[in-house]
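Residue numbers (my numbering), protein chains in the order written: chain A, -17 to 363; chain B, 91 to 487.
Quick caveat, the hints were computed from the structure, so don't treat them as lab data.
Treat the hints with care, since some could be wrong.
Have a look at the derived ranges for each label pair, beta carbon to beta carbon [stated by the list, open to error]: (1) B/Tyr333 <-> A/Thr185: 33 to 41 Å; (2) A/Asp181 <-> B/Tyr110: 20 to 28 Å; (3) A/Arg275 <-> B/Trp116: 49 to 57 Å; (4) B/Tyr110 <-> A/Leu194: 33 to 41 Å; (5) B/Trp101 <-> A/Thr242: 23 to 31 Å; (6) B/Trp101 <-> A/Gln12: 22 to 30 Å; (7) A/Thr185 <-> B/Ala143: 51 to 59 Å.
From the three backbone atoms N, C-alpha and C, an ideal C-beta is built for every residue, glycine too.
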Amino acid sequence: MSINPMNSTPIRSETSGLKTDTLFLNMGPQHPSTHGVLRLGLTISGEVIVEAMPDIGYLHRGVEKLLETRTYAQGVVLADRLDYCSAMSNDLAFCLSVEKLLGAQVPKRAQVLRVIMAELNRIASHLIFFGTYGIDIGAFTPFLYAFREREMVLDLFEMCCGARLTYNYIRPGGVASDINADWIARCREFLDFFKPRLDEYDTLLSFNPIFLVRTQTVGIITPKTAVAWGLSGPNLRASGVNYDVRQAEPYCGYEQYDFTVALGKTGSCWDRYFCRVVEMRQSVRIVEQALSRLASGEIMAKLPKVLRLPAGEAYSHIEASRGDLGVYIVSDGGLAPYRLHFRAPCFINLAILQEILVGKKVADVIAVLGSLDIVLGEVDR
Amino acid sequence: MMPRSWPTEVWKDPWSLPRYRAGALWLGGILFGIVLISAVVGELCVWGEKLFAFLSHLGLSVVVVDWIWVLVKLGCVIGLIVANGLWAVWWERKISAHMQSRLGPMYAGGFHGWAQTILDTVKLLLKEDITPASADKVLHALAPVVAIAPCVIAFAPVLFGKELAAAKLDIGVLYIFAFAGISVIGIVMAGWASGNKYSLLGGLRAAAQIVSYELPRGFSVVPIIMFAGSLDLAVIDQAQAGYWFGFFPRWFIFYPVAGQLSFLFFLIASVAETNRTPFDIPEAESELVAGFHTEFSGMKWSLFFLTEYGYVMLASFLLAVFFFGGGAAPLPFLRFIPSWIWMMGKAMLMMFVFLWFRWTFPRLRVDQLMEFNWKFLLPWCFVNIAVAGLILAWGMR
Chain A
-17 MSINPMNSTP
-7 IRSETSGLKT
3 DTLFLNMGPQ
13 HPSTHGVLRL
23 GLTISGEVIV
33 EAMPDIGYLH
43 RGVEKLLETR
53 TYAQGVVLAD
63 RLDYCSAMSN
73 DLAFCLSVEK
83 LLGAQVPKRA
93 QVLRVIMAEL
103 NRIASHLIFF
113 GTYGIDIGAF
123 TPFLYAFRER
133 EMVLDLFEMC
143 CGARLTYNYI
153 RPGGVASDIN
163 ADWIARCREF
173 LDFFKPRLDE
183 YDTLLSFNPI
193 FLVRTQTVGI
203 ITPKTAVAWG
213 LSGPNLRASG
223 VNYDVRQAEP
233 YCGYEQYDFT
243 VALGKTGSCW
253 DRYFCRVVEM
263 RQSVRIVEQA
273 LSRLASGEIM
283 AKLPKVLRLP
293 AGEAYSHIEA
303 SRGDLGVYIV
313 SDGGLAPYRL
323 HFRAPCFINL
333 AILQEILVGK
343 KVADVIAVLG
353 SLDIVLGEVD
363 R
Chain B
91 MMPRSWPTEV
101 WKDPWSLPRY
111 RAGALWLGGI
121 LFGIVLISAV
131 VGELCVWGEK
141 LFAFLSHLGL
151 SVVVVDWIWV
161 LVKLGCVIGL
171 IVANGLWAVW
181 WERKISAHMQ
191 SRLGPMYAGG
201 FHGWAQTILD
211 TVKLLLKEDI
221 TPASADKVLH
231 ALAPVVAIAP
241 CVIAFAPVLF
251 GKELAAAKLD
261 IGVLYIFAFA
271 GISVIGIVMA
281 GWASGNKYSL
291 LGGLRAAAQI
301 VSYELPRGFS
311 VVPIIMFAGS
321 LDLAVIDQAQ
331 AGYWFGFFPR
341 WFIFYPVAGQ
351 LSFLFFLIAS
361 VAETNRTPFD
371 IPEAESELVA
381 GFHTEFSGMK
391 WSLFFLTEYG
401 YVMLASFLLA
411 VFFFGGGAAP
421 LPFLRFIPSW
431 IWMMGKAMLM
441 MFVFLWFRWT
451 FPRLRVDQLM
461 EFNWKFLLPW
471 CFVNIAVAGL
481 ILAWGMR
């Protein structure tokens, strides 16, 4: 299917007999609410969507190809830049795959650190979602509240690894640097500050009647449709499908942590939103548990300076902030992967738009698109 | 490496911070100063009479004096609208900032960025005025004017204090609603003439919304008109003078049930009329970029802006006159403060409610907005009129 502005067909209104025409509305790539450079070709009749075609590729950087000429240590840097809102998860997925093919054992402390960082990053990432979704629905204030808290998480990351957005912290074999007692105290302080804020978010946005009206009956994805389109992450769980990689196929010792998987009931925009809010609470719980079981020890496995993976292939996937992020490495025994592929959850989640947008209002497009929480850096790679 | 931005310290005990206490002192000082100066100046209508007497004694013909007097009043109203634009934007920025744990403008002018909006105006005046190639040039230029002219005209009978209005009209309420409804033509024109699909959608939404909300807005004040027995704002103002039991103000909002409902309905309808959140559907920035004014820049854009804030101020003054006793002091011993300060204060408080709404609520969808209007607001307005009738009948018995 192509997006052609000229092929709009006249529709004869059944009630009045008036000959009406559809309108082609080009939403994006420069639009305040397309979360980056997504383009939606919308055919609308009045304010109702007749056809919606997501058009991607405006942020394509060829990361997978670039990785074929880089060593595995350098690869982490590129993996950072996929889903730049939760770079730790990307690093983690990449490193797990490398370690799987390498057969390396990651020290205990490094594993706990990885869990702490991944969950803190999940909080930061969901905070971006929370804030921008508020803006999508028209509430501006939650955005700044979310960024106030996110800033604290970024400060924690900066204290730990010096970077605020693309961390390059989780490396094949372990993590780059250790944390000290001051960091732990700061982290606990953040968690104590953050928990009451979550209740505040609920009163400000989650249960606001206007917000409920805007989102609760909109963009409903049935469990069957969700599975059929290969959704993952909060988008899938909002439809009531209980699949969380952290529990289905635990990695980094997630099986030892006590947390519940947030599930939605109807699969509406509000369920997808609220799943993420609940996930933030669960992430707080996980970080608290992880902090308490942090035992002293090595943070890096004994690996050669230059990694040379044995010929073969490995696939490992994790529960990233936006869904099931997988990394598939094919190695020919060289310094760089022969081929590397990311199973990018955002890219797969995005495709369902063309099905669920039809029949919705223009205002709902933003509500639905926002609720899927895509990051174009990962969609286009 | 120490973290830079931890709000936790501020949150624990804000009053222990010297800046916090200094800010409270400043605010109190400014309010006290305003009260002091206004008490010295006294009623503004007295000064107006003095000015008119001075003009009459210059030896000019009566017609010329009348014309000069009209121009003076027009200048005052337009000046007020422009000054309100400057003030309201600064105020909105400050209030939104403090609601969102920010500071807002702090640099321009020195004291809490007071010169920010003035400099913004200079910027807007100097900005290039762009007319898109696909736009209807004449309509595009005309639209902002059509939007703002009724706004200025609608201010004629608005009461700013005791006997302080540009025109004495015995049908003031009707006049204001009639003119306030015309601005939508400018908005539709802007949407149509821009040659932009987002603008078009915004313009169409505005037309539907403003025309619909005219009805509950008009009907919600019918109880007030019934209580006061007049459409004249001055009479409505005077009807609320005095106190029950010697201390409780006889404002219309304190009339049981009908007063409060009327206030709520009028407030909601006014927010919808002024296109502000949660009813800012015509300009819905997340969906329609900027709605009907997407393709406007420079002064054309700022005319729309002034219109919006002009209508917010109009609604604030109307709310103050209709429900909060206009220029009447809330307690008898406060009567030494002149009526225009009370009026201003109450209007500013109402304006704060508008801003408060804007920075708290999400936006409704266009069909939900219509449903709310036709299925909820309008029927309950009628019920409210009936309730007001019952109260009046009970009062007369």
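We went through each hint and held it up to the structure:
1. Look at B/Tyr333 against A/Thr185: about 38 Å separates their beta carbons, and that is inside 33 to 41 Å.
2. At about 24 Å, the CB distance of A/Asp181 to B/Tyr110 agrees with the hint of 20 to 28 Å.
3. Range check, A/Arg275 to B/Trp116: about 50 Å between beta-carbon atoms, so the 49 to 57 Å window is met.
4. A C-beta distance of roughly 36 Å is found between B/Tyr110 and A/Leu194, which places it inside the suggested range of 33 to 41 Å.
5. For B/Trp101 and A/Thr242, the Cβ-Cβ distance of about 29 Å falls inside the hinted range of 23 to 31 Å, so the restraint holds.
6. In this structure, B/Trp101 and A/Gln12 break the distance hint of 22 to 30 Å, their C-beta atoms being roughly 38 Å apart.
7. At roughly 58 Å, the beta-carbon separation of A/Thr185 and B/Ala143 lies within the given 51 to 59 Å, and the hint holds.
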